[in-house]
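Student: Sequence:
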Amino acid sequence: MYKVLCCGSNGSGQLGIGHERDLCELTECFRSSHRVLDIACGSNHTVLLLENGEAYICGSNVSGLTGLQSSTDNLENKFVLIGEHGKKFKKVVAGWDFSVLVDFDNKVQIYGDLSLCGGLGRTIQGVKTLTEVYHLADDDVLEMHTSLHGVIVIHNSGTVVGWGNNNKGHLFGDCETLGMVYSPIPVRFDDIDYEAKDQLRIVGCAMGRDYTFFHVLNTLSQDELLIMRSKNDRYNILQGLFDSLGGGNIEGHGSRSRWFRIKKKFRIRRLKSMWSSVHVMYSADTEENHLILRSFGNNVFGQLFPGLSKELADFDVGTEHGICLEESGKYIYSWGWGEHGNCGVQTDTTKVNEMYSCDENETIDSAIGGYATTWIVVKS
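With our numbering applied, the sequence shown corresponds to residues 1 to 380, in that order.
None of these hints come from the bench; they were simulated from the model. Backbone N, C-alpha and C fix where the C-beta goes; we use that ideal spot for every residue, glycine too. Where hints are given, some of them may not hold.
[Stated by the list, open to error] Dumping the calculated DSS-like pairs for lysine-lysine here, alpha-carbon to alpha-carbon at most 27 Å:
hint: 1; residue 1: LYS107; residue 2: LYS87
hint: 2; residue 1: LYS264; residue 2: LYS197
hint: 3; residue 1: LYS310; residue 2: LYS379
hint: 4; residue 1: LYS78; residue 2: LYS90
hint: 5; residue 1: LYS330; residue 2: LYS310
[Unchecked claim] Simulated restraints on C-beta separations:
hint: 6; residue 1: HIS19; residue 2: LYS197; range: 46 to 56 Å
hint: 7; residue 1: PHE104; residue 2: GLY158; range: 14 to 24 Å
hint: 8; residue 1: GLY248; residue 2: LYS88; range: 24 to 34 Å
hint: 9; residue 1: ASP22; residue 2: THR347; range: 31 to 41 Å
Let's have the full structure, built from the sequences with the hints guiding it.
Tutor: Here it is as structure tokens:
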């Protein structure tokens, strides 16, 4: 059995707990015999995806999505099934006020307020029923990533497409004279001076509020790069990452894509971004099983990981807070900006905060950070 616990911002019922009050204590909001594959969080809505392909939604932008045609926006602040029974999905992400889902036919579909994310073209500003964006039938979607108003989709073939707000150059760089991108176009690196651009393959990315970091592999040499796209780096994130992981020099120009080679002794396990800081979990070849978590960027509200004496297994981040899973799978810790209760009851914002400890028959299956919300999936 799997239960979902949550806390944090709840002004639109996005926690799915039957009311609209913020919570600082983890509270059960959902239970299922099926594993929870993912939880995608927007500013005021949440989508929960199960292993059997069912997707549930709560919060704003719900009306019309389930065929219930409710007269309210919140459907009593509970999770409700998306689509008719039998409709199955395998991937989900959410932006500020939209969500993107992929079904088992590899149809990429969207709903929500699309006025700031491109979505379905200049004339379509919002949809409350799932609407197809594009379809690559024989090319599985490996990963999807979102920021406030942008989307990046990574396919099994190596094809990577994006759309949305590119005003900061954070999706396509200055090599594309684009502001708003209204339909998916390929993500390329024509603006970097690299000897084998045709061998580069995007294996991951981390999207901040107005920047994107791409983890890129040279499929021939097996060199790995980190590429930053943004018109500025006011928090010196790229320099911090380079000082910890980089070899050679930082290449490129400030108004275009900037990048460096990752030292071969390091292996990146996770790369994630809050709105204004980047967090990387990596290992060194001398200690493959020892995972290191480092943070770079804005620390006004304690967003940078302060460290933990215990070994870590995984982590995730929300808009301006983080959560990490201790190696035993029994403890969850939080750090960062917890103004809505999303870090639990914080007594010292300069240290990690223990949020949850499992009972004897429980293990933590996953932990997800959202828009000032925290979600923990517990298996029993």
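Student: Against which earlier hints does the structure fall short, listed by number upward?
Tutor: Violated: hints 8 and 9.
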